[in-house]
Structures are given as C-alpha cells and as structure tokens.
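Engineer: Chains X and L, in that order, are what the protein sequence lines are. Read in the working numbering, the first sequence has 27 at position 27, and its numbers run on one by one without any break. Read in the working numbering, the second sequence has 77 at position 77, and its numbers run on one by one without any break.
Keep in mind the hints are simulated off the structure, nothing from the lab. Warning: the hint list may mix true and false statements.
Stated by the list, open to error - With the Cβ distance kept under 10 Å, some of the chain L side facing chain X (calculated, not the full set):
1. 6
2. 9
3. 47
4. 77
5. 87
6. 91
7. 92
8. 97
Computed from a predicted model, the values in this text were never measured in an experiment. C-beta: ideal position from N, C-alpha, C; glycine also.
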Amino acid sequence: MGRLKCAIDTSAAISLGSTSNFKTAAKFFSFVSTGMINNELIEISKTADKIGNIANNILKSSIIKFIKLEKELQNNRGEVEVINLANKIKADFVLMDDIQARKKLQKQCNVPIRFSPFIIFTLYEKRVLTYKESWSAINGMKREREWKENLIMDYAKLLFGKVANEN
Amino acid sequence: MQTKQLNVKLMPELDKEIELISKILHIPKVDWARNVLAHEVKKELEEQKSFVALEYMRRNISKADLVKLIGKEDAEDVDYITKKTKEDFKAARELAKKLK
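Next comes chain L alone, as it looks inside the complex (with noise of 0.2 Å):
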C-alpha cells in the first residue's frame, strides 16, 4: 500500500510520554502514534459526518452541500434513514388507534 509522510514535531515532555508508552507497551513510537491517529481520524470524521448529515436533515444545508461533504454513498443512506424514519413515525400513529 502506498503511504504518504506527515511529519508533526513534538514537544520534548510529549515525546518522553510517547517514548515510555512505547516502552510499556512494546510498540514502536511511530506504530502506536499512528494507532491512534487512525482511531482519532475515525471518530472524528464520525461526529463530522453525522453533524453535517443532521444539518442537512434539519434543512440548513442543501443536498448538494451534503454530497459534497459526505460522499454519493453516504448521502443515500442519510436520505434512506430520513424517509423510513417518518415511514415509521406515521405508522406508529396509525397502530397506535388499532392496539387496546
């Protein structure tokens, strides 16, 4: 796989923590940084998404706007939860008056 280089320079304290998680953990330095760089990134991206997808389902951003930021794919999904949600909610109602 084709890796690309980001070089991020550390405070010497920072560095030293780095160094002694390594130690415990029997990880090299750059295999645990980039751990939990990855782990970071995904959750990140996450909470991203999903506020850029409630803007959205909240109508202040456009469906363009939402592809843009989202992707094709994901855009599809947010607009899927959207319509089996209110789906949901209607036949809620209509159940609702049938149960005793």
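The following block holds chain X by itself, in its conformation from the complex (with noise of 0.2 Å):
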C-alpha cells in the first residue's frame, strides 16, 4: 500500500502542524486541501502568535500540496470544499476536527471523515511514534479555540491511554 490520499481542512491542518510530527506523518499520507483552505492558511498567518506560526511553517513547509478546484466545486466553506475535493480525487479519507462539520458532510462524502488523532494512532501503531511522542502529540493539538474541539483531544488521549496499557 502507497501513500494514502488525506484531504485535509484548517482545523485538522493546524492540529497536526502543532506538533512535529506532520513532517512524519507525510511519508505515509499524501495530504491535499483546496484553495480556500490555503487562503484561510493565509489569513491565519498574518496573525502575529501561535497559531500565526503553526499556519506559516504550514505554507513554507509545502506539505500539503493545495488543488484549485472547477469553479462548479468551490464553496466559500473551507470543509464543503474539502469534501468535494476527496470525492473528485477518490481520497482515502479526510481530516478534519470541526465536530459539526463531520455531522453534516459526512453523508455527502464518499469516505470517511476522521479527526486529526487519527494520523497519530496511526503511526503509534505502525510503531512509527513511541506512546510518549504520541501522548505528546495528541496533547499539543489542544489550543484556544472551541471547548468541544479541545474535548476530541482529551477523549484522545483518555482513549490512547487506555489502549496503550492493553498493548
């Protein structure tokens, strides 16, 4: 199996670009966003604090590798473009962490949608990241922002502690 194809939004972006493991994380996902994530990425980086850096280290580090969509498939909605970006290229599934948002498009995606945790179990259980660089990880994805975002990563976490202690 190949690199799989992870079509990725800002909130999912930024999570993972939170800790230092996206660069790791891109030997195994192929991650491609649209253009209107890449103008929020933008946006974000003129802001002079955390999340400011998180999103220009993004940009610089061509990680993601962004596609302009037919103008029949753009949307002024970061995570509807999202989704109409993994049903046209077939993805394998897509990242994104913003609760209401998986609820709503999940029924207009062809694959599943995950949130950003995902990536970092993966490779935990590839053995790819220690429990410690996972636990860490997941971790340093909480950030100012909505509590029940913070909350996917604290159930995360709860969760991989549990997990950790059966392997």
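Assembling the complex is the task here: the two chains are given apart, and the hints tell you how they should meet.
Structural biologist: This is the structure we're talking about:
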C-alpha cells in the first residue's frame, strides 16, 4: 500500500501543524487540500501569535498540496470544498476537527471523515511514534478554540492511554 | 434585549484601578466591567463543561447528569465525539497493519 490520500481542512492542518510529527506523517499520507483552505491558512499566518506561526510553517513546508477546484466545486466554506475535493480525487479519507461539519458533511462525502488524532494513533500502531511521542502530539493539538474541539483531544488522550495499556 | 442587574461592591483600590483603565481605553467603567465579566464567564463555563464532559467520558457521571449540567445538545455532541474517536482509533489500528 502506497501513501494514502488525505484531504485535510484548516482545523486539522493546524492540529497536525501543532505537533512535530507532520513531516513524519507525510511519509505515509499524501495531504491535499483546496484553494479556500490555502487562503484560510494565509489569513491565519498573518496573525502574530502561535497559531499564525503554525499556519506559516505549514505553508512554507509544502507538506500539503493545494489543488484549485473547478468553479462548480468551489465553496466559500472550506470544509465543504475539502469534501468536494475528496470525492473528486477519490481520497482515502478526510481529516477535520470540526464536529458540526463532520456531522453534517459525512452524508455527502464518499470516504470516511476522521479527527486528526487518527493520524497520530496510526503512527503509534505502526510503531513509528512511541507512546510518549504520540501522547505528547495529541496533547499539543489542544489550543484556544471551542471547548468541544479540545474535547476531541482530551478524549483521544483518555482512549489512547487505555489502548496503550492493553498493548 | 431584557437585561438583569447585578450589584457588586468594590474595594476602593479596585474601583480606582478600573477608573484608570476606563480613562486609558476611553470606555465607560461599566462597559469595560461588563465585557470582562462576559469573557470570564464564557471561559469558566467552557472549562466547567469540559470537566463535566470528561467525567462522563470516564464514566464517573451518568448521561442524565451530563444532560442536566450541560444541556441536551452539548451532551449529544459529547456522545458523538466519543463514538467517532473510538471508530477512528479502531480504523487506525486496522490501517497500521496494512501500511508499508
């Protein structure tokens, strides 16, 4: 199995960009996104804070390949555009940390939508990352945002701790 | 919008400090205090909701208590996060076996 195609939105890109494992993940996953997400990251990168810096690093790293969609597939909501891209290129899965968007958009998406700890957990199961590195990566994904989005990371840590104890 | 009144007695020192901030920022003392209160309430509420949700996820409190404390809509989102994260982890384990 070659690199898996992962269509990624802004929230998940920032989550993975908050860890030191984005480049490692790119050895196994080919990250693709849309023009709208590129624009969102450019806007965020203009802010002189931690998140702005993360967005800037993502853009400079070229880890994500941005694809401009045909006009009829473009959308002013980044998450919708990412789903359109995933369907068009037959991505293996979509990565997003937006709970409401995942709920609403799964029906129109032909592939599974996952939260970003999915990548870290895969790398842990593949023995690419140690338990400590994985836990730290998930913990690093927490940031100033809606409490429920941070709850994804808190629950992932809880679940990760349980699963790792089983191994 | 209908408003409610909250009377707070301040120590003179704190009142003086708020007065100073109000002068520097050119906004009425009450407006500044209202903004700060709103910000702090939102922050505290989110922290408390997050704490309660995690207690539920750890199975330390029941679904009924969770709904009572954070409301039905948020409680449903908590269940959604739990279900989907579990699914993601299971899928990650399967995927790791297939990845070269």
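Engineer: Against this structure, judge whether each hint is valid.
Structural biologist: Results for each hint:
For residue 6(L), the shortest C-beta to C-beta distance to chain X is roughly 24 Å, which exceeds 10 Å, and the interface hint is violated. With a cut of 10 Å, the hint placing residue 9(L) at the interface with chain X is violated, because the nearest CB-to-CB distance is about 32 Å. The closest approach between the C-beta of residue 47(L) and any C-beta of chain X is roughly 8 Å, which is under the 10 Å cut-off, so the hint is satisfied. The beta carbon of residue 77(L) is positioned within 10 Å of a beta carbon in chain X (closest approach about 5 Å), and the interface hint is therefore held.
This hint holds: residue 87(L) has a C-beta 8 Å from the nearest C-beta of chain X, less than the 10 Å allowed. Among the interface hints, the one on residue 91(L) holds; its C-beta lies about 7 Å from the nearest C-beta in chain X, closer than the 10 Å criterion. Interface hint status for residue 92(L): upheld, as the beta-carbon distance to the closest one in chain X is roughly 4 Å, under 10 Å. Taking 10 Å as the C-beta contact cut-off toward chain X, the hint placing residue 97(L) at the interface holds, the least distance being around 8 Å.
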